[in-house]
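Counting with the numbering used here, you get residues 66 to 290 for the letters of the sequence shown.
There could be a bad hint or two in this list.
Said to hold, decoys possible - Ranges of calculated distance between the beta carbons of each label pair, as one might list FRET restraints:
| hint | residue 1 | residue 2 | range |
| --- | --- | --- | --- |
| 1 | Ala178 | Pro77 | 16 to 24 Å |
| 2 | Glu223 | Gly154 | 13 to 21 Å |
| 3 | Tyr231 | Ala152 | 31 to 39 Å |
| 4 | Asp141 | Gly103 | 21 to 29 Å |
| 5 | Arg284 | Glu223 | 17 to 25 Å |
| 6 | Arg177 | Thr216 | 14 to 22 Å |
To be verified - Computed cross-link-like contacts, EDC-like style, restricted to lysine to aspartate or glutamate with a CA-CA straight-line distance of at most 16 Å:
| hint | residue 1 | residue 2 |
| --- | --- | --- |
| 7 | Lys175 | Asp242 |
| 8 | Lys161 | Asp237 |
| 9 | Lys161 | Glu257 |
| 10 | Lys175 | Asp108 |
| 11 | Lys161 | Glu286 |
| 12 | Lys161 | Glu247 |
| 13 | Lys175 | Asp128 |
| 14 | Lys175 | Asp237 |
| 15 | Lys161 | Asp141 |
| 16 | Lys161 | Asp200 |
| 17 | Lys161 | Glu130 |
| 18 | Lys175 | Asp129 |
Keep in mind the hints are simulated off the structure, nothing from the lab.
Where a beta carbon is used, it is the ideal one built from N, C-alpha and C, also for glycine.
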Amino acid sequence: MRDRPASHAQEPQLLIAIDGPAASGKGTLARRLAAHYGLRHLDTGLTYRGVAKTLLDTGRPLDDEAVAEEAARALDLGALDRAVLSAHGIGEAASKVAVMPSVRRVLVDKQRAFAAAPPGAVLDGRDIGTVVCPDADVKLYVIATAAVRATRRWREIEAAGGSADYAGILADIERRDARDTERAASPMRPAEDAHLLDTSEMDIETAFRAASAVIDARRAERDAN
66 MRDRPASHAQ EPQLLIAIDG PAASGKGTLA RRLAAHYGLR HLDTGLTYRG VAKTLLDTGR
126 PLDDEAVAEE AARALDLGAL DRAVLSAHGI GEAASKVAVM PSVRRVLVDK QRAFAAAPPG
186 AVLDGRDIGT VVCPDADVKL YVIATAAVRA TRRWREIEAA GGSADYAGIL ADIERRDARD
246 TERAASPMRP AEDAHLLDTS EMDIETAFRA ASAVIDARRA ERDAN
């Protein structure tokens, strides 16, 4: 009779929460970490954009909370198209539905369900470590100065063949920062146990190494206990 292959204990589920302001580099970092650790990735900002796009596509009002909640309940998190949802107009519409408490409750429930499925996930957004996944294994809060973030966004647009006004981008980022930190529902702020990662002077490789060092140390600590 042939020997059966040795069984290996399943790796503990890993959940990484990444928060931070617009254009801080958290999305790029989150995707890189998800690929490195074999985890699923969710940009939670796209869930609000998905709701907004549904309302825009169907000609329904952006200020009707009941209608927006219905769209949120029907949203398929597996069908979020980053390329489509990154459009500026959708982002502006998303900012209107994102402040609706009932929409946030529905989408947070969906985000938590995504995070709970094995083998784990990397979620990035504005309130992952504080609201969506307060028990995440690792919490990172990624920041960069507004000027650096505006420059990154401007270069992305120029590299894609578009035309952009730096001053306008900077003003937009500063408005979004104020809106995200001052909103009544789930304001953007670092969790008390989050690791602060300032990427102002970092390229993606440096940021990835710094983040993975934090994650590896936390996994080693968890495995030792």
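With a cut-off of 16 Å on the C-alpha distance, tell me whether Lys175 and Asp237 pass.
violated, 29 Å
Restraint check for Lys161 with Asp200, where alpha carbons must lie at most 16 Å apart
violated, 28 Å
Hinted pair Lys161 and Glu286, Cα distance within 16 Å:
Violated - the C-alpha atoms of Glu286 and Lys161 are around 41 Å apart, more than 16 Å.
Compare the distance between the alpha carbons of Lys161 and Glu257 with 16 Å, and conclude whether the hinted pair is satisfied.
It is violated: about 28 Å lies between the C-alpha atoms, which goes past 16 Å.
So the hint says 13 to 21 Å: do the beta-carbon atoms of Glu223 and Gly154 match that?
At roughly 20 Å between Cβ atoms, Gly154 and Glu223 fall inside 13 to 21 Å, so the hint holds.
Okay, Asp141 versus Gly103 on CB: inside 21 to 29 Å?
Between Asp141 and Gly103, where Cβ atoms are some 23 Å apart, the hint holds.
Does the beta carbon distance between Arg177 and Thr216 stay inside 14 to 22 Å, or does it fall outside?
This hint is violated: roughly 35 Å between Cβ atoms.
Can you confirm whether the C-alpha distance between Lys175 and Asp108 stays at or below 16 Å?
Roughly 12 Å between the alpha carbons, so the hint for Lys175 and Asp108 holds.
Honestly, do Tyr231 and Ala152 meet the 31 to 39 Å range at C-beta?
violated, 20 Å
Does Asp129 sit within 16 Å of Lys175, going by the straight-line distance between their CA atoms?
violated, 21 Å
Hint consistency between Lys175 and Asp128 [alpha-carbon to alpha-carbon, up to 16 Å]:
Violated, at about 22 Å.
So if I understand the rule, the pair passes when the alpha-carbon distance is 16 Å or less; does Lys161 with Asp141 pass?
violated, 20 Å
Going down the numbered hints, you'll see the structure goes against 3, 5, 6, 7, 9, 11, 13, 14, 15, 16 and 18, while the others check out.
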